[in-house]
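Chemist: Here is how the chains run, residue by residue.
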Amino acid sequence: MKYKNLAVTNPSELIFGQAPHPVETRRGLKIGGGQVYAELNFTLPMMSINNDTLTDVYRHYREIAEGALTRAVELNSQGVVLEFETLLEMTKTPQTGIEIVKIMNGICEDFYQKHGLKSEIRLTPNDLREFERPAKQRTSALLDPMMELFEKGALAGGDLLSIESTGGKEVSDEALLMCDIKAIVFALAVLGVRDMQFLWKKIVTLARSHGKIAAGDTACGFANTAMVLAEQKCISRIFAALVRVVSVVRSIVAIEEGATGPDKDCGYEGVFLKAITGIPISMEGKTSACAHLSPIGNISAAAADLWSNESVQNIKLLSGMAPTAYLEQLEYDVRLMNEALKSGTADALTLQRLLVDSDRYTDPQALILAPDNVIRISKALVTGDSYVANARNGAIEAINIIEDALQSGKMQLSELETGYLPLLRDELDSIPDKESDFIEMMLPLLDKSKFIPSEYGL
Amino acid sequence: MSTLIEQIALCVENGKVNMASPYPPQMKGQPGSDELTKQALEENVLPDDILNKALVVAMNKVGQKYSENKIFVPQMLLSAKAMAASMNHLKPFFQSGEVKRKGTVIMGTVMGDLHDIGKNLCCMMIEGAGWEVIDLGVDVKPETFIAELDHHPNAIVGLSALLTTTMVNMGVIITSIREKYPNTKVAIGGAPVNYDFAKQINADAYSKNPQDMIVWLEKEVA
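Chains as they are written, first to last, in my numbering: chain G, 7 to 464; chain L, 105 to 326.
Keep in mind that a hint or two might mislead.
Stated by the list, open to error - DEER-style ranges, computed between Cβ atoms:
#1 S436(G) <-> G201(L): 43 to 49 angstroms
#2 L161(G) <-> D254(L): 46 to 52 angstroms
#3 E421(G) <-> S171(L): 52 to 58 angstroms
#4 T61(G) <-> P196(L): 55 to 61 angstroms
#5 Q199(L) <-> D150(G): 41 to 47 angstroms
#6 K292(G) <-> S200(L): 55 to 61 angstroms
#7 E172(L) <-> L161(G): 37 to 43 angstroms
To be verified - Only pairs whose alpha carbons sit at most 30 angstroms apart, straight line, appear in this in silico DSS-like list of lysine-lysine:
#8 K132(L) <-> K239(G)
#9 K322(G) <-> K169(L)
#10 K292(G) <-> K36(G)
#11 K456(G) <-> K195(L)
#12 K165(L) <-> K239(G)
#13 K303(L) <-> K456(G)
#14 K142(G) <-> K36(G)
#15 K239(G) <-> K284(L)
#16 K239(G) <-> K323(L)
#17 K416(G) <-> K157(L)
#18 K195(L) <-> K454(G)
#19 K239(G) <-> K204(L)
#20 K165(L) <-> K142(G)
#21 K456(G) <-> K312(L)
#22 K188(G) <-> K169(L)
#23 K195(L) <-> K188(G)
#24 K292(G) <-> K174(L)
#25 K239(G) <-> K174(L)
#26 K174(L) <-> K206(L)
#27 K142(L) <-> K454(G)
Read the hints as simulated data drawn from the structure, not as lab findings. Glycine included, each C-beta is placed from N, C-alpha and C at the ideal position.
Based on the sequences and whatever the hints tell you, model everything.
Modeler: Given below as structure tokens:
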């Protein structure tokens with residue numbers, strides 16, 4: 007990892023609305039510059055996307071943007087980010103995705119002109135490379151439509167560029183189900199890091215050439231999958247917490263390559279990125295229960311600069327369309343956080359403490375997100391001369407924190423859970439410092455029909 | 105001393121694959137399902153007994169423990185690996201028809217969708233319950249299901265989807281399948297679907313988890 011020190015060393019400074027390196031957008035949002043904004047994420051209701059339905063598809067996105075921004079104005083919102091996380095067909099056929107960006111950007115601009123509402127679009131194309139199995143990370147023709155959507159979508163008004171890239175997922179899917187922490191470190195700290203370096207050089211170059219913002223990349227398909235599997239009682243919560251920590255070394259590569267934030271919502275690792283690099287981050291918590299359940303509904307807001315809902319279908323609720331309803335929920339949450347910030351440091355810290363303490367000891371995944379623990383783990387993450395060593399050191403520190411909480415009696419976990427602690431520690435201890443030694447250790451153990459080493463420069 | 109059948113069942117229940125496998129620690133250095141199945145066949149234990157009295161019984165116990173949150177998926181996967189090691193020895197008996205499985209289930213994540221963790225878990229559990237599983241993978245088109253049904257016309261089909269924009273493809277696939285195979289039973293599963301949706305697209309069942317699908321297979325189809 008290029009970072010050797012933390013941008014934020016004091017837990018009380020790892021707080022919502024304030025980042026050491028704020029990001030200012032085209033229409034004047036200052037993300038991380040002293041207040042929190044809502045970030046609304048949405049998707050289509052049950053429907054096909056094809057030539058026959060495109061008119062309806064466009065109508066849905068128009069309705070979503072107009073409904074959300076209308077409500078934002080009514081609630082005196084200080085600004086909104088609309089995350090357009092494309093559906094596969096919209097990246098496969100970039101023109102579809104570009105058209106939707108144009109529609110929504112037109113609405114954003116209209117509200118800016120008429121009402122002074124500042125809003126921006128985060129454009130998140132799909133990583134299509136996953137369609138080919140094993141994936142051709144570097145040589146796939148599917149990179150072309152992805153990059154076309156990034157470029158033309160950015161020009162159409164998608165100012166914040168993000169992706170949930172999938173390099174290493176070929177290994178991590180099975181590793182998650184086997185709670186194989188060494189394979190997870192290989193997937194994220196070797197394959198993931200290498201793929202992020204490849205992909206984010208391209209995205210940052212493109213963003214810079216058009217004056218757009220290279221925002222960030224989350225390990226959604228890795229660490230959030232682990233969280234959801236743990237929530238479904240498929241795998242250990244302790245293991246899921248460690249996957250989150252390991253994912254930091256993979257997601258930070260976007261910033262090392264030049265991304266500036268705001269990091270994307272579904273990356274709860276964002277809080278570590280904020281501590282280490284100082285970029286602003288988007289987080290999601292209780293407001294994302296429409297998309298998935300989680301044990302970190304409050305604590306995830308403690309350091310959020312954008313507050314998101316992950317994804318909601320455009321369906322009718324009693325109050326109105328669901329994205330409009332969720333925008334309202336997000337707005338009230340950020341209004342509270344902004345009021346706390348306005349009231350002064352003491353009030354802001356009180357709210358931060360309540361958000362943290364209400365979740366902290368309920369789950370190891372919450373525990374590691376407490377600002378003091380984020381700082382502790384981040385210090386361990388920047389220790390070491392390889393991404394592999396960084397990941398291992400961070401994960402071991404997370405185990406130390408979980409064990410401390412158990413020994414103090416503040417956190418209770420079942421024996422089924424705690425049985426994993428010594429096993430995971432032993433596995434992590436066996437990981438060598440050098441990437442080359444680790445690769446030599448792991449390659450013979452992995453199913454090479456699932457991934458192509460040369461596509462990662464191996 | 106326990107019989108070989110009991111020993112094989114114990115190995116599968118505990119995920120003991122072979123002599124070399126270190127898991128579970130308390131069985132380290134002992135033969136696993138691999139060696140014990142080989143030995144059982146050499147001692148003329150009926151392959152059908154190995155399948156139904158050892159493997160299926162053990163995997164049922166594993167499924168039960170999982171349903172009761174007494175184990176996680178990794179333990180279940182190790183049991184599945186131990187079962188697979190036994191099944192390797194039983195393959196010739198399946199091919200000769202001497203041993204029959206309960207039936208065939210063709211599984212796939214529907215076209216346009218790449219999510220397969222849930223589907224993979226389902227495949228593993230159903231196989232463990234004594235069914236032959238043909239996993240067609242992800243992004244599976246109607247014609248691929250039909251081509252597989254041409255080889256296994258009595259098979260049951262399981263469809264998986266995770267997106268609101270791909271769940272609609274389940275209905276398309278069911279319609280295509282029924283045009284050629286009107287009596288084929290189809291179950292669906294995945295985050296956005298439910299019982300009402302299953303009824304709406306003429307699926308025969310909605311399974312909220314792998315255990316649900318096994319129960320349906322056993323009750324309605326077997």
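Chemist: Now look at each hint and say whether the structure bears it out.
Modeler: Do the hints match the structure? See the list:
In this structure, S436(G) and G201(L) meet the distance hint of 43 to 49 angstroms, their C-beta atoms being roughly 47 angstroms apart. For the pair L161(G) and D254(L), the beta carbons lie near 49 angstroms from each other, so the given range of 46 to 52 angstroms is met. Hint check: E421(G) to S171(L), Cβ distance near 18 angstroms, so the stated range 52 to 58 angstroms is violated. Our hint of 55 to 61 angstroms for T61(G) and P196(L) holds, since their Cβ atoms are close to 58 angstroms apart.
One distance hint, 41 to 47 angstroms for the beta-carbon pair Q199(L) and D150(G), holds here, with the actual separation near 46 angstroms. At about 58 angstroms, the beta-carbon gap between K292(G) and S200(L) stays in the expected band of 55 to 61 angstroms. Taking 37 to 43 angstroms as the suggested C-beta distance range, the pair E172(L) and L161(G) does not conform, at roughly 55 angstroms. For the hint linking K132(L) to K239(G), the alpha-carbon distance of about 27 angstroms falls within 30 angstroms, and the restraint holds.
Restraint check for K322(G) and K169(L): the C-alpha separation of about 40 angstroms exceeds 30 angstroms, so the hint is violated. Distance restraint check for K292(G) and K36(G): the Cα-Cα separation of roughly 24 angstroms lies within the 30 angstroms cut-off, and the hinted pair is therefore satisfied. Of the supplied pair hints, the one linking K456(G) and K195(L) holds, its CA atoms being roughly 25 angstroms apart against a limit of 30 angstroms. At roughly 17 angstroms between alpha-carbon atoms, K165(L) and K239(G) fall within 30 angstroms of each other, so this suggested pair holds.
A distance of roughly 36 angstroms separates the Cα atoms of K303(L) and K456(G); the hinted pair therefore is violated under the 30 angstroms criterion. Between the alpha carbons of K142(G) and K36(G) the distance comes to roughly 38 angstroms, so the proposed pair goes past 30 angstroms and is violated. A distance of roughly 39 angstroms separates the Cα atoms of K239(G) and K284(L); the hinted pair therefore is violated under the 30 angstroms criterion. About 26 angstroms separates the Cα atoms of K239(G) and K323(L), which keeps this hinted pair within 30 angstroms; it holds.
Simply put, K416(G) and K157(L) have alpha-carbon atoms about 46 angstroms apart, too far for the 30 angstroms limit, and the pair is violated. For the hint pairing K195(L) with K454(G), the CA-to-CA distance comes to about 25 angstroms; that is within 30 angstroms, so the pair holds. This hinted pair does not check out: K239(G) and K204(L) have alpha carbons roughly 33 angstroms apart, beyond 30 angstroms. The hinted pair formed by K165(L) and K142(G) fails the criterion: a straight-line CA distance of about 41 angstroms is larger than 30 angstroms.
Distance check on the hinted pair: K456(G) and K312(L) sit about 28 angstroms apart at the alpha-carbon level, within 30 angstroms; holds. Taking the CA atoms of K188(G) and K169(L), the gap is near 26 angstroms; set against the 30 angstroms cutoff, the hint holds. A threshold of 30 angstroms between alpha carbons decides the hint, and for K195(L) with K188(G) the separation of about 33 angstroms lies outside it, so the pair is violated. Restraint check for K292(G) and K174(L): the C-alpha separation of about 28 angstroms stays at or below 30 angstroms, so the hint holds.
Distance hint between K239(G) and K174(L) is fulfilled; the C-alpha atoms sit about 10 angstroms from each other, no more than 30 angstroms. For the hint pairing K174(L) with K206(L), the CA-to-CA distance comes to about 27 angstroms; that is within 30 angstroms, so the pair holds. Between K142(L) and K454(G) the alpha-carbon distance is near 29 angstroms, which keeps this suggested pair within the 30 angstroms criterion.
The structure fails to meet hints 3, 7, 9, 13, 14, 15, 17, 19, 20 and 23 from the earlier list, while all remaining hints are met.
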